[in-house]
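The lines below spell out each chain.
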Amino acid sequence: MSNVNIKINNREYSVPAGVSILEAARLAGIEIPTLCYLKEINEIGACRVCVVEVKGARSLVAACVFPVSEGMEIITNSPKVIEARKTTLELILSTHKQECLSCVRSGNCELQKLSRDYGIADSHRFAGFTPKYEIDASASHMYRDNEKCVLCRRCVAVCSKNQAVGVIGANDRGIDTHIASPFERPLADTACVSCGQCITACPTGALSERDDTQRVFDAINDPKKHVIVQTAPAIRVGLGEEFGYPMGSVVTGKMVAALRRLGFDRVFDTNFSADLTIMEEANEFIDRYTKKENLPIITSCSPGWIKFCEYYYPEMIPHLSTCKSPMGMFGATAKTFYAEREGIDPKDIFSVAVMPCTAKKFEAERLDHTAVEGLADIDAVITTRELARMIKKEGILFNVLPDETFDAPFGLGSGAGTIFGATGGVMEAALRTAYEKLTGDSLTDENINFTDVRGTKGIKEATYEIAGNTVRVAVASGLANAKKLLDMVKSGEKSYDFIEIMACPGGCVNGGGQPIQPASVRNNVDIRAVRAAGLYEDDKHLPVRKSHENPDIKQVYDEFFCAPGSHKAHAILHTGYTARSKY
Amino acid sequence: MLRRFFAVRQRTEEMLMQKKISKIPFKGTPEQEARLKAVIAECQGDQSRLMHVMQQAQGIYGYLPYEVQVMIAEGMGVPLEKVYGVATFYAQFALSPKGKYNVSVCLGTACYVKGSQDVLDKICAGLGVEAGECSADGNFSVEECRCIGACGLAPVFTINGEVYGKVTADDVPGILAKYQNA
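As they're listed, the protein sequences go chains A and B. Take any residue in the first sequence, note its place counting from 1, add 7, and you have its number in our numbering. Take any residue in the second sequence, note its place counting from 1, add 47, and you have its number in our numbering.
The reader is advised that the hints may include incorrect statements.
What the hints assert, rightly or not - Distance ranges between label pairs, derived from CB positions: (1) B:Gln139 - A:Asp294: 52 to 60 Å; (2) A:Asp183 - B:Asp165: 32 to 40 Å; (3) A:Asp229 - B:Gln105: 53 to 61 Å; (4) B:Gln105 - A:Ile182: 22 to 30 Å; (5) B:Gln102 - A:Gly114: 35 to 43 Å; (6) B:Gln102 - A:Leu382: 51 to 59 Å; (7) A:Ser101 - B:Asp165: 42 to 50 Å; (8) A:Lys299 - B:Glu80: 40 to 48 Å; (9) B:Gln102 - A:Glu191: 21 to 29 Å; (10) B:Gln91 - A:Glu191: 42 to 50 Å; (11) B:Lys74 - A:Ile142: 29 to 37 Å; (12) B:Glu114 - A:Ile142: 44 to 52 Å.
No wet-lab data here; the hints were simulated from the structure. Quick reminder that beta carbons are idealized off the backbone N, C-alpha and C, glycines included.
Start from the sequences and build out the full structure, keeping to the hints where you can.
Dropping the structure here:
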């Protein structure tokens, strides 16, 4: 691409033609503040926080959407610009419910940061009409407080563009404009898939996960309860960000230590049940593949994807793997096998799951997830953010904790389990096991990595020759990509044997329950890739890298489930799905 | 005068102007549905023609209730929220049906300063209908409108196009009675 010569704050620069002023300034080492802008997702120039002066322009222009051109002279810091940004912030604050002392996003709120950076001394300068809205807490995974909404529309954009769901949008106009669902229906009554991508896109505290931390504290403080906890693969590469570690740091040991100090009776690893999922799913795949039944088989680990399938692609339900998710399998195994083995009444077990995901809160409430009659498999789901909040509330100094290891009998996870947290990870884990089962050969360090299915590309395809069979696989992350892929499968344009779908772009590492990174970071770093790199690094160094070689897995089959796909495994580890109406 | 105008114009928190969603049951006919489907088919999935379809639908049904918006969303391949967002953004789209008699009260500047809010309140009270809604029996609907170009007659309202000018709140019951007893 050719370059153009421009001036920013009276200094000359040569930047690629066609980039926005915002990007050009960044190349020149100047950060222009933004509020509504999310790169490639929400580029609408609506909030006016990024205004700059352009010589010859009639008025200030929005840097996020204004392209540079030859000879352009830009001023990013004149008194006029600063004053305009301040006034804009003061106007936004005039309708903002300022609960900043205790707001869930306090300290991590983009509006708060801008107000501080611009020295807004009087946050009530424009006292005026403040629209009143009720908090929508109808959904099992989140709440919406429109009185904290700044109408940036980042949530609307991720919901419709990234996720092809579009159940939220701007209703009414002028000062009555507010983000809500059609016909003002509560979110629980819409075809929302609970992925929580809107929450991680929100610059303020308008959207937040449902906080279940108090229920967990209550259980821990109840002497009658045996409180166990499992942590999903993606937590270990996300949690560190809440405590100042560089993005992608693997903090497994400190996480386990922190959970023990919070008072959990046993600290287990969802990587174990990810391996269990692979045992069941690889078995199911080989079975369907040999019989040529219901192919392609589609993974069922991502509850956001499952809900999407039930709402938007009910005709694809027979293709879904019947395996419960790793969280679900863990919960079911804990209340059966573990309760029996430890001699604990399953009624006294309180099973907590730490997940990078808000849809898991919904999954835990699914009625068919009851391995023991009348008892939920999982009693509480908390997100990575909620776990961080608990650790901070208890005054545990995370950074100085020793590295500890998980408890038996669900403490060992293979490398295959750990990569479940990234797009393509479930596929690779399944291929490692299916390959060895089908060929009888052993994968070595040279050929264990199925790198074609790695990476953050929205749709990935690969073909493998396994024991004389051609296995065609595809991987999609982000529901808009899933939609594209499924439409191609439905139309017959593409045909596969095995598909992995994760609801969130990049997979669980970028889940709706993960630490929130502000737009200033998201626009410049690919969070998905950095966190996933942490998981692949973890995989590389684990002693066991294939699910079927995990000794804890062998034990649970020897002592309880007999074999993958056995009657008992089917009753406890598998589930079914129901079509849902969108309207 | 101007000061008083601004004083009364200042919005109170009760004065939210969100469009009201009708609670009246949908009574669409198969003929209406067929006409709407034909309009949608004509657009061949061109989502940029959404507003055109919505205008046609309002022409067919008189308003855009939930059932009609669902048909449009399905037919055009857009989320329902997209349709609803457009329907609540533009004043031309109605979420409530028009009654047998549609009362339209001007709240334009001239009428407003001459007290048309009082007239509107009296009409709503007299009919038991809120502005933007239709009575349960389908007889009366009330809507607010902006200037209808009859400022000399302010305050002014119309019933099915019949103009009533220079009215006071006290005149309202007598005028309504003519229609209520019709």
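So the hint says 40 to 48 Å: do the beta-carbon atoms of Lys299 of chain A and Glu80 of chain B match that? This hint holds: roughly 42 Å between Cβ atoms.
If you check the beta carbons of Lys74 of chain B and Ile142 of chain A, does the distance land in 29 to 37 Å? Taking Cβ atoms as reference, Lys74 of chain B and Ile142 of chain A lie about 35 Å apart, which means the hint holds.
Is the gap between the beta carbons of Gln102 of chain B and Gly114 of chain A within 35 to 43 Å? Since Gln102 of chain B and Gly114 of chain A have Cβ atoms about 48 Å apart, the given range 35 to 43 Å is violated.
For the pair Ser101 of chain A and Asp165 of chain B, does the Cβ-Cβ distance stay inside 42 to 50 Å? At 30 Å between Cβs, range violated.
Cβ separation of Asp183 of chain A and Asp165 of chain B, checked against the hinted range 32 to 40 Å: 23 Å, violated
Assessment of proposed distance window 53 to 61 Å (beta carbons of Asp229 of chain A, Gln105 of chain B): 58 Å, holds
42 to 50 Å as the expected CB spacing between Glu191 of chain A and Gln91 of chain B, which holds or is violated: Violated, at about 32 Å.
At the C-beta level, are Gln139 of chain B and Asp294 of chain A separated by a distance inside 52 to 60 Å? 58 Å, holds
Taking 44 to 52 Å as the stated bounds, is the beta-carbon spacing between Glu114 of chain B and Ile142 of chain A within them? 29 Å, violated
Take the C-beta atom of Gln105 of chain B and the C-beta atom of Ile182 of chain A, compute their distance, and say whether it sits inside 22 to 30 Å. 25 Å, holds
Outcome of range test on Cβ distance (Gln102 of chain B, Leu382 of chain A; 51 to 59 Å): 55 Å, holds
Range hint compliance [Cβ, Gln102 of chain B to Glu191 of chain A, 21 to 29 Å]: For Glu191 of chain A against Gln102 of chain B, whose Cβ atoms are near 23 Å apart, the range 21 to 29 Å holds.
Checked against the numbered hints above, the structure breaks hints 2, 5, 7, 10 and 12 and satisfies the rest.
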